[in-house]
Amino acid sequence: MTSQRPLGLGTHIFVTDADAAVAFYSEVFGAAELIRHRLPDGRVLFVELAVGPDKLLLSEEITELNAVAPPTLGGSPVMLLLELDNVDSTFTHAVETGATVELPVAEMFWGERYGIVRDPFGHRWALCTRREQLSPDEVADRVPAEPTDGTWSG
Amino acid sequence: MQSAKRYIQIDSIRHGLYHVDVSSTSASPAVTTAGFQVLLALASGHSHGYAVMGFVDQLTAGRVRLGPGTLYRTLARLVADELVAESETSDPSAPHDARRRYYQLTQRGAQVVREEAALLSRLVDAAGDAGLLDGNRRTR
Numbered sequence: 003m004t005s006q007r008p009l010g011l012g013t014h015i016f017v018t019d020a021d022a023a024v025a026f027y028s029e030v031f032g033a034a035e036l037i038r039h040r041l042p043d044g045r046v047l048f049v050e051l052a053v054g055p056d057k058l059l060l061s062e063e064i065t066e067l068n069a070v071a072p073p074t075l076g077g078s079p080v081m082l083l084l085e086l087d088n089v090d091s092t093f094t095h096a097v098e099t100g101a102t103v104e105l106p107v108a109e110m111f112w113g114e115r116y117g118i119v120r121d122p123f124g125h126r127w128a129l130c131t132r133r134e135q136l137s138p139d140e141v142a143d144r145v146p147a148e149p150t151d152g153t154w155s156g
Numbered sequence: 160m161q162s163a164k165r166y167i168q169i170d171s172i173r174h175g176l177y178h179v180d181v182s183s184t185s186a187s188p189a190v191t192t193a194g195f196q197v198l199l200a201l202a203s204g205h206s207h208g209y210a211v212m213g214f215v216d217q218l219t220a221g222r223v224r225l226g227p228g229t230l231y232r233t234l235a236r237l238v239a240d241e242l243v244a245e246s247e248t249s250d251p252s253a254p255h256d257a258r259r260r261y262y263q264l265t266q267r268g269a270q271v272v273r274e275e276a277a278l279l280s281r282l283v284d285a286a287g288d289a290g291l292l293d294g295n296r297r298t299r
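Sequence order for the protein chains is A and B.
Last residue of the first sequence: 156 in our numbering, with the numbers rising by one and none dropped.
Last residue of the second sequence: 299 in our numbering, with the numbers rising by one and none dropped.
Please keep in mind that the hints were generated in silico from the structure rather than gathered at the bench.
Check before you lean on any hint, since a few could be wrong.
To be verified - Label pairs and their in silico Cβ distance ranges:
{"#": "1", "chain 1": "A", "residue 1": "A25", "chain 2": "B", "residue 2": "R224", "range": "33 to 39 angstroms"}
{"#": "2", "chain 1": "A", "residue 1": "D21", "chain 2": "B", "residue 2": "R259", "range": "26 to 32 angstroms"}
{"#": "3", "chain 1": "A", "residue 1": "Q135", "chain 2": "B", "residue 2": "V283", "range": "25 to 31 angstroms"}
{"#": "4", "chain 1": "A", "residue 1": "A25", "chain 2": "B", "residue 2": "R267", "range": "30 to 36 angstroms"}
{"#": "5", "chain 1": "A", "residue 1": "S28", "chain 2": "B", "residue 2": "T192", "range": "39 to 45 angstroms"}
{"#": "6", "chain 1": "A", "residue 1": "S5", "chain 2": "B", "residue 2": "A189", "range": "43 to 49 angstroms"}
{"#": "7", "chain 1": "A", "residue 1": "E134", "chain 2": "B", "residue 2": "G287", "range": "30 to 36 angstroms"}
{"#": "8", "chain 1": "B", "residue 1": "S203", "chain 2": "A", "residue 2": "V70", "range": "45 to 51 angstroms"}
Said to hold, decoys possible - Here are a few chain B residues that sit away from chain A, every Cβ distance over 12 angstroms (derived from the structure):
{"#": "9", "residue": "Y209"}
{"#": "10", "residue": "D240"}
{"#": "11", "residue": "R281"}
{"#": "12", "residue": "V283"}
Unchecked claim - Quick partial rundown of chain B residues pointing at chain A, CB under 10 angstroms, derived from the structure:
{"#": "13", "residue": "T191"}
{"#": "14", "residue": "V223"}
{"#": "15", "residue": "A239"}
These figures come from a predicted structure and were not determined experimentally.
Beta carbons are placed, not taken as given, at the ideal position from N, Cα and C, and that holds for glycine.
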């Protein structure tokens, strides 16, 4: 047992256009803006969004502070996980609102309907809905020997 | 394959019973602990931000202190979820400070706090049945 047990884990992402990103996350994920701070020159230092029960911090690209967004980096090595009541409707809405499909929604061997989109700001979101209550052993029995056509669907 | 199994075990913990059963069977948004405490304070007639903070501090014998930042975030989230509304008595010219403003439960907020209270009550009853409240339990 560690003596440094954290009190919480949050996510802080960087985007080139904070207003557009807040509008997208509010429209598609039902995010609520709680707090916003700007630099004197008007750039958004950070916005705190509530997404479901969790917190998402978002900053505009400010290269001198090493706050660099995915387009500048040429991609993102991180995936954000969002659990939903209805993955299909949110996935469709995300795509209609400008996200691109990385992995279409499908039933996955670990008991979720699951799909991946890349939002208009270059961040990757895995969207899922719990479908079956599987024990770890049941899931292990279903793990494919290797990814089939890159999707890992069961 | 070992790493896949490890992921699966972590995954099963992430989807613990509370998360799945509470959030997916209720049409109302799940409220956080701080959210419930604020709703409870408003239901108890404390409508001013400072009064909400004082109520929670007193109720929990100082174990839970809603600082101004947490109070502001919690109220903003509850307002966004339409569980709480700023009341008419708010002074619109007052500084943007949640502690200085007045709030009230919406109809939906009143419903959500009732449902959450009923759930917590069942849990507390179970805790009593399990002998966890011996010595400091109020009679039902």
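Each hint, compared with the structure:
no.	hint	result
1	A:A25 to B:R224: 33 to 39 angstroms	holds, 35 angstroms
2	A:D21 to B:R259: 26 to 32 angstroms	holds, 28 angstroms
3	A:Q135 to B:V283: 25 to 31 angstroms	holds, 26 angstroms
4	A:A25 to B:R267: 30 to 36 angstroms	violated, 25 angstroms
5	A:S28 to B:T192: 39 to 45 angstroms	violated, 25 angstroms
6	A:S5 to B:A189: 43 to 49 angstroms	violated, 30 angstroms
7	A:E134 to B:G287: 30 to 36 angstroms	holds, 34 angstroms
8	B:S203 to A:V70: 45 to 51 angstroms	holds, 48 angstroms
9	Y209	holds, 20 angstroms
10	D240	violated, 7 angstroms
11	R281	holds, 21 angstroms
12	V283	holds, 22 angstroms
13	T191	holds, 6 angstroms
14	V223	violated, 13 angstroms
15	A239	holds, 3 angstroms
Consistency with the previously given hints fails for numbers 4, 5, 6, 10 and 14, ordered from lowest to highest.
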